[in-house]
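Once you have looked at the hints, place chains B and C on chain A.
Residue numbers (our numbering), protein chains in the order written: chain A, 1 to 627; chain B, 1 to 525; chain C, 1 to 315.
In short, the hints are calculated from the structure, not lab data.
Please note: incorrect hints may appear among the correct ones.
Said to hold, decoys possible - Cross-link-like lysine to aspartate or glutamate pairs, in silico, EDC-like; alpha carbons within 20 Å at most: (1) C:K50 x B:D443; (2) C:K235 x A:E454; (3) C:K235 x A:D411; (4) B:K395 x A:D38.
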Amino acid sequence: MTDFFKLLARNRLALAGGIVLAAVVLLALVTPLLPLADPDVTDTSNRFRPVFSEGALLGTDHLGRDLLSRLLWGTRLSLAVGFAAAIAAATIGAAIGIIAGYYGGRTDNILMRGVDMLMAFPYILLALAIVAALGPGLFNALIAVATVNVPFFARNIRGITVGIANKEFVDAARLSGLSHTQIILSEILPNVIPVIVIAMSTTIGWMILETAGLSFLGLGSQPPQADLGSMLGEARSALISNPHTSIVPGVMILVIVMSINLLGDGVRDALDPHLKSGALSRPMAATRVARQSAAPKPAGNGLLEVRALESQFHVKNRVYRAVGGVDLYVEKGECLGIIGESGSGKSVTALSVMGLVASPPGVVTGGAAYYDGEDMIGAPYRRLRDMRGRNVAYIFQDPLATLHPLYRIGDQLVEAIRAHRTIGKAGGRAKAIELLKAVRIPNAEKRISDYPHEMSGGMRQRVGIAMALANDPDIIIADEPTTALDVTVQAQVLTILDDLRRSRGLAIVFITHDFGVVAQLCDRVAVMYAGRVVEEGRTADILETPRHPYTRRLMACVPELGGGKRRLEAIAGLPPVVDNLPKGCAFAERCLKAKGECRKGDIPLVSDGTRGVRCLFPESTSREAAE
Amino acid sequence: MSLFHATRRGMLAAGTALALTLGTLGSAGAQTPPGVLIVGQIAEPKALDPAAVTAVNDFRILMNVYDGLVRYKDGTLEVEPALATGWEISEDGTEYTFSLRDGVTFHDGSTFDAEAVKFNFDRMLDESHPYHDTGPFPLAFFFSAVEGVEVIDPMTVRFTLNAPYAPFLSNLAYPTGLIVSPAAVMEHGAEFGRNPSGTGPFTFAEWRSNEAVVIEANADYWDGAPKLQAVVFRPITDANTRTAEMLAGGIDLMVEVPPVALSQFEGDAYTVHEQAGPHVWFLILNAKEGPFADKRVRQAANYAINKEAIVNDVLEGTAEVAAGPTPPAFAWAYNPDLEPYPYDPEKARALISEAGAEGAELTFYVTEGGSGMLDPVAMGTAMQADLEAVGFDVKIETYEWNTFLGNVNPGLEGKADMAQMAWMTNDPDTLPFLALRTAAWPDQGGFNSGYYSNPKVDELLEAARVATDQDERARLYKEMQTIVQEDAPWVFVANWKQNAVTSDRVESFSLQPSFFLLLDDVVKN
Amino acid sequence: MTGYIVKRLLSAIPVLLGITVIVFLIMALIPGDPATAILGSYATPENVEKLNRDLGLDKPLVQQYFIWLGNMLQGDFGTSFALNRPVLDEVLERFNATLFLAGTAFVLSAILGVVAGVISAANQYGWADKTITFAVLLGISIPSFFLGMTMILFFAVNLRWFPVSGMWPIYGDRTVGVLITHLTMPALALAVVATGVIARLSRSAMLEVLRQDFIRTARAKGVHERGVIWRHALKAAMVAIIPVLGIQAGFVLSGAVYIEIVFQWPGVGRMLVDAILKRDILLVQGGVVFVAACYVLFNIAVDVAQSLLDPRIKT
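Looking at chain A on its own, in the form it has when it is part of the complex:
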């Protein structure tokens, strides 16, 4: 609950809305105590006094009644009606929704058809008819407004309930012999209440507007009672000659509805992190670059050369140093493996190269990434876009999420080509088929018009690879492309990648946490931990003689090649949180051999040209390590 308020308070707009609303509510509550004129006393000879008249701060209305007094009393009434109508509609609507969603079947069908009927009935006419049937008066208007909003709640809540009713904990409750009523009250309701509150907070404003609308049609409160709607309705006839009588209640309605909406948005964001409606931000077209110092010069080795790359995530006041100065390179035709646990910064390193780190919150704060001598960190978006997919292509993990669900895969392939050159319809199709064949998708001519969800995981990943190949890039950065696949499919995908590398002279940067995969595919490998490279060298050398204790422990988790998904959690402890890196060796906490010096200062990567390790006490031989 305190979290809720903290979240709410953090949203400045919602806070402003909340403060304004609280002020209005407070004002409404203390209205009876204020030294105001009687809101109902008429003084027709002093009608339509302008704003700031003596004795009538906001002027008077068409019967000479004090507008300030009527405004405050009216606000009081309108707020009460709005809240009451929202609560009534929410209660009844939620009851219908929960019953329909929980019981399902025929009950659901009948209730929802009823709701459909109400929804198909133009709501103003329904409200009008209800008021005409019940007689005039604010209370009846309230009933009408509540009634027409019941379907809205019923529909929303039903949807949520259906989702919850099939969850395990509900099944468990059922098995434990709880009655339906008990289940609904103890299991369903608590989970639905946040949604009800969200829906309510967004409809209260609407309710106040609707009662104003009914008053416009002459169906609101009874004179002389003031509510904002009837004030507006009564003032309407004098709109041309005395606009202030309309503007005064109009502005108050505006203030209330706006503040309720702002607060409602905040409540929604705070209560429902899944909805994330704008509470979190969307990534921009390219990662923000804010280098603290000048870009380091290229050392001149490799087609792609990453120098001292630093990438961070700025979330509120905290800074997560995801990549803390990484140097890498890959030659033409070479395959470089980057291996590490989740959160080691390997993906962020790879995504930083082409500015694909989600930003906000990501920022590249230092270093450079040279493609053929040209620094891509800080390159203008235009240039970056031009090179994405054409020079450097990416393959991602989980192709179901990374392929667009609503486009046919053929179209997605053609689009990849079109992003960089013009190609005719037939030409595009032919090229797409050719690409699918290149990744050994059988029956490519037919498959081209499949949607991603119609394919198996392995097939989808092949599409992902085909898409990366579309513009014959020089470098492919594959970010855990086989992680979501089962072992046999994984092997097939790896074979395809390996073949392509050989046949096309591709440079591949292969990111994985699986040494088995590295062994199968990579020429060289870099091991990352807590945002830095801790060991690098030729794959065979490292496999033979891992020198960093971390590498060794990582390898120990993989008994044999291609052994599939191996859990790295076998290493005791967790990687450090990158917003609070320890001084010295980041691995020291989990390292069995750590000594005092390890925690003192920065430890450099000691390299002999082909082999490098960031450890003060590296392992000596492989034999030793194996024992």
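Just chains B and C, lined up with the frame of chain A:
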């Protein structure tokens, strides 16, 4: 970001396009064509069949399309010949023989003659008439005294009444007495109301639902062709919109200007017309039960309500304070000696305490608006405040017009203590006869919803109805007014001065005391 | 797909039947009767009773309902008491006008709302986003009748850019150009609220989608940011936006009542309000059933559009 540049460019282009479009549309507020008068009406007419309608709004169109046997002389409520050139009344006052105007044809080409007159009245009154089912005819009771209509010769027709009935001629001048083309009724049946045909100065041209009724000049009109080419009646229900149309030049003539909007038309570009008419706005008091069963409390209500303030402030001077049940517009029947109840809250309080009705709770029926009701909610609220000031506890219940009538007409007993009401009539007989007699209590088919009963008043009204001499009738009505004012079955509030606004392009327009809108002499430049 | 449409159409039948029952019951429950309305001030209880008998309103309710339903199924919606004309003629004519108004407003609000939402999301927290968010909040907080009246005063009375009211010029040709001048203000006034709601929803749907992995894929392919936003993200966001468009269409149709009154638009909403007030039973019943049927059909069309857009939906 380049995305945004593109969008901004797009917005700029869209803005330019909009500006260009607006430029070419600059003539949207163009002036209405000369010779065509555009009238802003308050509602869509129900029908253009004079026998079938009851609303003043509809009468405004009908009076320009049809003629009756007689009509009101310009600017008065006195009857003069129209389709009848003259008439004779039998000694006993039960036979009216009319000689008809020769050579008049209906707009559909059929001839106006005695048969046509007979057809009109038989259709309304004779349930066995083949076209009686083209009704209903809510105001047929205006002619309930008519026993038969006889064709003496093609140009002479005789009405036989079951008893002398003084208001008969006046009722013939009322829209219910307008003569329609029998041929058109036969052709269109129940659809006649949408395909009207009469003998009036304008012929019906077109009725576009909820947009306009168009009538065009009848060049062959027997009383001289009108000066306008055409008149367009636009129904504009919202008073603000009607005012805005008038200000924007979309209409040339606007009726029933809302009091608060009058100040908008003060300049030279507009002329505001005013004309008092036979209208009375009152509160029915429930004399059968509750505090108002006591005459003193009814009088107290009359003293308590500040009618001057209502008339001058709420209604911005568009009405005058009413003194009694008969409006001054019926000059010959009005009792000029009556003084309105003055605003005297002290006296009201005294009367209330005398009657022991302090703090009485009153239920007050108020309507949202309706025929002749002016600004009922504002007026009702002001009255409520006045009544509360002298110690009543007043609860308002508002209803839209039809529910309101459904509640009030069957009588207030058991429901309410007071109700708003207004009547516009054409004869001093109508209102008191239908709403003040003992025999007019709701259960006997009348409109005396407050159950007022005074045998003397009953007697006077019965006598006035059969009296053929106008001076004698005047005497009876004046006496009736004195008694009724003293008895205070109603709170007498206001007599409306009908108003209208014309633009400076409209000439020779004047309002009629009958509340009709006569346009045959109007000129538009 | 055809099977799906047929299934949806069949499932609409009980809904429509239910609506006939509801509207019939409501009209039966409302106090007051058409006879009072027809007879006006001169309605004595006696006359009212006679007229109600003539109109067939003295029969048992159930019998009245089935007579009405039976006639309607044969295409006979009866005759309006108040207007003396066949209900269907009146409804069709008036619905046509409403369709122009509400249709334009809906298309306008859908386009403006989605575009505003997309721009807002694409420039999150930028000045465009803030401006749009503020304008949207303002839009959904102003009663439309108030906005309409203000627009009339400003644009029609003061600036004289547009005619005050009505659908067609009272005199002159009925060209598309003049229709547009008459349509502009009411359509805008009507569109404001729906635009706001759609923009808010589009923004959050877009933000949700923009964080998805396939957006990164599109960027990694080198697709231009315009394509990423307006093709990839928007298409995926439409899955969440389209159902809301369906609901908003209903709101626009209902909101048209106020606008039709303020702008004197000869539409079906105003007709129905009048008809309810005049107890014009057959006109209310026929009109509501007609409007509801159109709404139900429109929603089926929305569902079909949704299934065309999203191949993952089983039809």
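Structure-based check of all given hints:
This hinted pair checks out: K50 of chain C and D443 of chain B have alpha carbons roughly 15 Å apart, not beyond 20 Å. Proposed proximity of K235 of chain C and E454 of chain A is supported: the alpha carbons are some 19 Å apart, at most 20 Å. A C-alpha spacing of about 14 Å is found between K235 of chain C and D411 of chain A, which places the hinted pair at or below 20 Å, so the restraint holds. The suggested pairing of K395 of chain B with D38 of chain A holds, with an alpha-carbon distance near 17 Å, which does not exceed 20 Å.
Going through the hint list in order, the structure satisfies each hint without exception.
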